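Participant: Okay, here's what each chain looks like letter by letter:
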Amino acid sequence: MKNKLKIINAFVLSAVVTILFIVAMTMLAEIRPIIKDWLKITFSHHWTGKGILAVGLFLALSLLISFLPQETKEGAVRKNLFLLFLVSVAGTLVILGLYILETFRFI
Amino acid sequence: MDWKTFLTVFHVIGTALGVGGATFAEFFYLKSVRDGAVDPMEDGVLKITFYVLRIGMIFLVLSGFGFLLFYRLTGQEASLYNPKFLAKLTIILILFLGAIFWQAKKVPLWLGGAGSLTSWYAALILGVWRGLEASYLNIMLFYFLAVLFIAFLLGILRKLAGIKP
Amino acid sequence: MSLLLRYNLIGHVVLGLLGVIVFYAAWLALLKQNFSLKFLRFLSGAGLTFFLLSLLSGGYYYVQHYGNVVKPIIKAGRYPWAHSVIMETKEHVFLFLPFLAAVVFLVFWLLGERIGEEPKLKRPLVFLVGLIAVLGIAILMAGITISGAAR
Numbered sequence: 000m001k002n003k004l005k006i007i008n009a010f011v012l013s014a015v016v017t018i019l020f021i022v023a024m025t026m027l028a029e030i031r032p033i034i035k036d037w038l039k040i041t042f043s044h045h046w047t048g049k050g051i052l053a054v055g056l057f058l059a060l061s062l063l064i065s066f067l068p069q070e071t072k073e074g075a076v077r078k079n080l081f082l083l084f085l086v087s088v089a090g091t092l093v094i095l096g097l098y099i100l101e102t103f104r105f106i
Numbered sequence: 000m001d002w003k004t005f006l007t008v009f010h011v012i013g014t015a016l017g018v019g020g021a022t023f024a025e026f027f028y029l030k031s032v033r034d035g036a037v038d039p040m041e042d043g044v045l046k047i048t049f050y051v052l053r054i055g056m057i058f059l060v061l062s063g064f065g066f067l068l069f070y071r072l073t074g075q076e077a078s079l080y081n082p083k084f085l086a087k088l089t090i091i092l093i094l095f096l097g098a099i100f101w102q103a104k105k106v107p108l109w110l111g112g113a114g115s116l117t118s119w120y121a122a123l124i125l126g127v128w129r130g131l132e133a134s135y136l137n138i139m140l141f142y143f144l145a146v147l148f149i150a151f152l153l154g155i156l157r158k159l160a161g162i163k164p
Numbered sequence: 000m001s002l003l004l005r006y007n008l009i010g011h012v013v014l015g016l017l018g019v020i021v022f023y024a025a026w027l028a029l030l031k032q033n034f035s036l037k038f039l040r041f042l043s044g045a046g047l048t049f050f051l052l053s054l055l056s057g058g059y060y061y062v063q064h065y066g067n068v069v070k071p072i073i074k075a076g077r078y079p080w081a082h083s084v085i086m087e088t089k090e091h092v093f094l095f096l097p098f099l100a101a102v103v104f105l106v107f108w109l110l111g112e113r114i115g116e117e118p119k120l121k122r123p124l125v126f127l128v129g130l131i132a133v134l135g136i137a138i139l140m141a142g143i144t145i146s147g148a149a150r
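Chains as they are written, first to last, in numbering that gives the first Met the number 0: chain A, 0 to 106; chain B, 0 to 164; chain C, 0 to 150.
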């Protein structure tokens, strides 16, 4: 059971960080075109680059966190699942807001 | 059989199962609670009715999106912004989200039943009524008024049948 | 549009739709007091698979065709915001779904037996599964909006 909690917690936390990464990369790529260009050059398309980096980050972090020595309590898994929910909602709203502001020339 | 006919057949089957399922579910439920309780036999019938209704929903959604793809791939993209189609899509969304609130017991009985019945019949009527010329807002306003009217009618039916709230 | 691109577009829509249907069904099932863990495990696995396949087929269509052919049509048309707001949001938010689906899948498989016994563990799952279904529906609606503007 302890191992299962640890593995799940690792994947949940990785998902939180990955979603934050996707949001951050999206914003940075719009605000700093050099980042979008780097993604295009390295991965042939900026969206493909964001996807591949996100998957790599998710898997690497999940493995890393699963091997950390600390014990995981069930309460922590519950809290992190809620955190994942909140981060996903916030991330969606931030991305939507970014493109609305950009389209209607507020930024 | 061409793709449009194939999609139409499945869409009609989905609508028939959904409309029929919703209608029978409402009347079976009214009959079941007349004596104050739902016995195992009545519960079994209701379960099958809801199961058929959900199959209808799946057929409807799959064939509906099939139509969207068909319009997209045959240069009829303008159909996707048709007010009647957008109203039908909104009503189906209300139906789907309503089912969730119903399952979570966040919807009162008078609204859940009326909402489901009205939504299914509205989707049917909007699908069949070819010459309807109305704006999205007009259709939605009429839909919401219809939900309230059906809720009122079902309330009268419950009273006549002696069903306590 | 070539046949390969056509099949990728159809695959993207159908697989994404199946993923949404499956997570919607999981949301409904999870809200019951007595749910079938076997059913939830099957649904979450199927949903994750559908989303991954939809991502791959949609990604191919997007990279090979949408950017060069469809995007200029939308931007030059009556509804340019269909690309600059709706499509841009959709292409990034869609990236969230496989990660969310993977987490839900793992929870059902590794902690499934505890969900029924502990309401405190069930609650965040109801929220997450619901979020996947709602985001999926929003993405489907976004797809309709974008397709309708491509004329």
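Keep in mind the hints are simulated off the structure, nothing from the lab. Computed from a prediction, not measured in an experiment: that's the story for all the values here. The beta carbon of each residue, even a glycine, is placed where N, CA and C say it ideally should be. Honestly, I wouldn't trust all of these hints.
Some, not all, of what chain C presents toward chain A, calculated at C-beta under 10 Å [as the list claims (entries may be wrong)]:
id: 1; residue: Val69
id: 2; residue: Ile72
id: 3; residue: Gly76
id: 4; residue: Pro79
id: 5; residue: Glu87
id: 6; residue: Pro97
id: 7; residue: Arg113
id: 8; residue: Glu117
id: 9; residue: Pro123
id: 10; residue: Phe126
id: 11; residue: Ala137
id: 12; residue: Met140
Participant: Would you mind marking each hint as holding or not holding in the structure?
Facilitator: To see whether the hints hold, each was checked on the structure:
no.: 1; hint: Val69; in the structure: 14 Å, violated
no.: 2; hint: Ile72; in the structure: 17 Å, violated
no.: 3; hint: Gly76; in the structure: 14 Å, violated
no.: 4; hint: Pro79; in the structure: 8 Å, holds
no.: 5; hint: Glu87; in the structure: 5 Å, holds
no.: 6; hint: Pro97; in the structure: 8 Å, holds
no.: 7; hint: Arg113; in the structure: 8 Å, holds
no.: 8; hint: Glu117; in the structure: 8 Å, holds
no.: 9; hint: Pro123; in the structure: 4 Å, holds
no.: 10; hint: Phe126; in the structure: 5 Å, holds
no.: 11; hint: Ala137; in the structure: 8 Å, holds
no.: 12; hint: Met140; in the structure: 13 Å, violated
Of the numbered hints listed earlier, those contradicted by the structure are 1, 2, 3, 12.
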